[in-house]
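Colleague: Sequence:
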Amino acid sequence: MDNIHIRCPKCQWEPDGQPYWQCTCGTMWDTFSTGARCPHCGKVWEKTQCVIHAGGCNKWSPHLDWYEGLDDVVEKLKEEIKESWLVPAFER
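Numbering (the numbering used here), first residue to last: 1 to 92.
Don't take every hint at face value.
Calculated pairs, SDA-like style, for lysine to any residue (alpha carbon to alpha carbon, straight line, at most 20 Å) [unchecked claim]:
1. 47 with 13
2. 78 with 67
3. 59 with 24
4. 59 with 44
5. 47 with 82
6. 10 with 56
7. 10 with 32
8. 59 with 29
9. 59 with 13
10. 43 with 33
11. 47 with 36
12. 78 with 68
13. 10 with 60
14. 10 with 71
15. 82 with 68
With beta-carbon atoms standing in for the labels, derived distance ranges [what the hints assert, rightly or not]:
16. 76 with 41: 14 to 20 Å
17. 81 with 16: 16 to 22 Å
18. 54 with 77: 27 to 33 Å
19. 30 with 83: 33 to 39 Å
20. 43 with 83: 18 to 24 Å
Derived by calculation from the structure, the hints in this document are not laboratory data. Cβ coordinates follow ideal geometry from the N, Cα and C atoms, glycine included.
Could you put the whole structure together from the sequences, leaning on the hints where they help?
Modeller: What follows is the structure in structure tokens.
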């Protein structure tokens with residue numbers, strides 16, 4: 001997971017962990033600390049807006065597009081799962 005960087009896919013602005021995002025329920029939080037799920041009401045945001053007042057571009061992008069390096073992590077997990085299938089169940 002060390003290879004994952006979070007940044008706006010449109011302008012490359014990087015969030016700093018501050019609670020810039022506001023849910024429709026009024027809760028302010030850092031959307032990347034919860035995977036885009038509001039910690040108060042549980043709403044999951046499919047898109048994330050880049051924060052203009054913190055130096056971003058104000059554009060919306062799919063939340064998962066903010067995670068650079070995620071594809072590599074997914075491929076590694078797929079390989080680990082595939083390899084585990086090759087081990088007989090009684091040896092696991």
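Colleague: For the pair supplied as a hint, residue 78 and residue 68, confirm whether the alpha-carbon distance does not exceed 20 Å.
Modeller: The given pair, whose Cα atoms are some 18 Å apart, holds under the 20 Å limit.
Colleague: Run the distance test for residue 47 versus residue 36: straight-line Cα separation, threshold 20 Å.
Modeller: holds, 8 Å
Colleague: Holds or violated: residue 59 and residue 44, Cα atoms, limit 20 Å.
Modeller: holds, 18 Å
Colleague: Given the hinted pair residue 43 and residue 33, is their Cα-Cα distance within 20 Å?
Modeller: Distance ~14 Å between residue 43 and residue 33 Cα, so the pair holds.
Colleague: Residue 10 and residue 71 were given as a pair; does the straight-line alpha-carbon distance stay at or below 20 Å?
Modeller: Given that 20 Å is the threshold and the Cα spacing comes to 18 Å, the pair holds.
Colleague: Would the pair residue 78 and residue 67 pass a check requiring their Cα atoms to be no farther apart than 20 Å?
Modeller: Roughly 18 Å between the alpha carbons, so the hint for residue 78 and residue 67 holds.
Colleague: For the pair supplied as a hint, residue 47 and residue 82, confirm whether the alpha-carbon distance does not exceed 20 Å.
Modeller: violated, 31 Å
Colleague: Are the Cα positions of residue 10 and residue 32 separated by 20 Å at most?
Modeller: holds, 17 Å
Colleague: Taking 14 to 20 Å as the stated bounds, is the beta-carbon spacing between residue 76 and residue 41 within them?
Modeller: violated, 33 Å
Colleague: Checking one constraint from the list: CA of residue 47 to CA of residue 13, max 20 Å. Satisfied?
Modeller: holds, 16 Å
Colleague: Sort out whether residue 56 lies within 20 Å of residue 10, counting only the CA atoms.
Modeller: Answer holds: residue 10 to residue 56 is near 9 Å, not above 20 Å.
Colleague: With a cut-off of 20 Å on the C-alpha distance, tell me whether residue 82 and residue 68 pass.
Modeller: violated, 24 Å
In this structure, the earlier hints numbered 5, 15, 16, 17 and 20 are contradicted, and the remaining ones agree with it.
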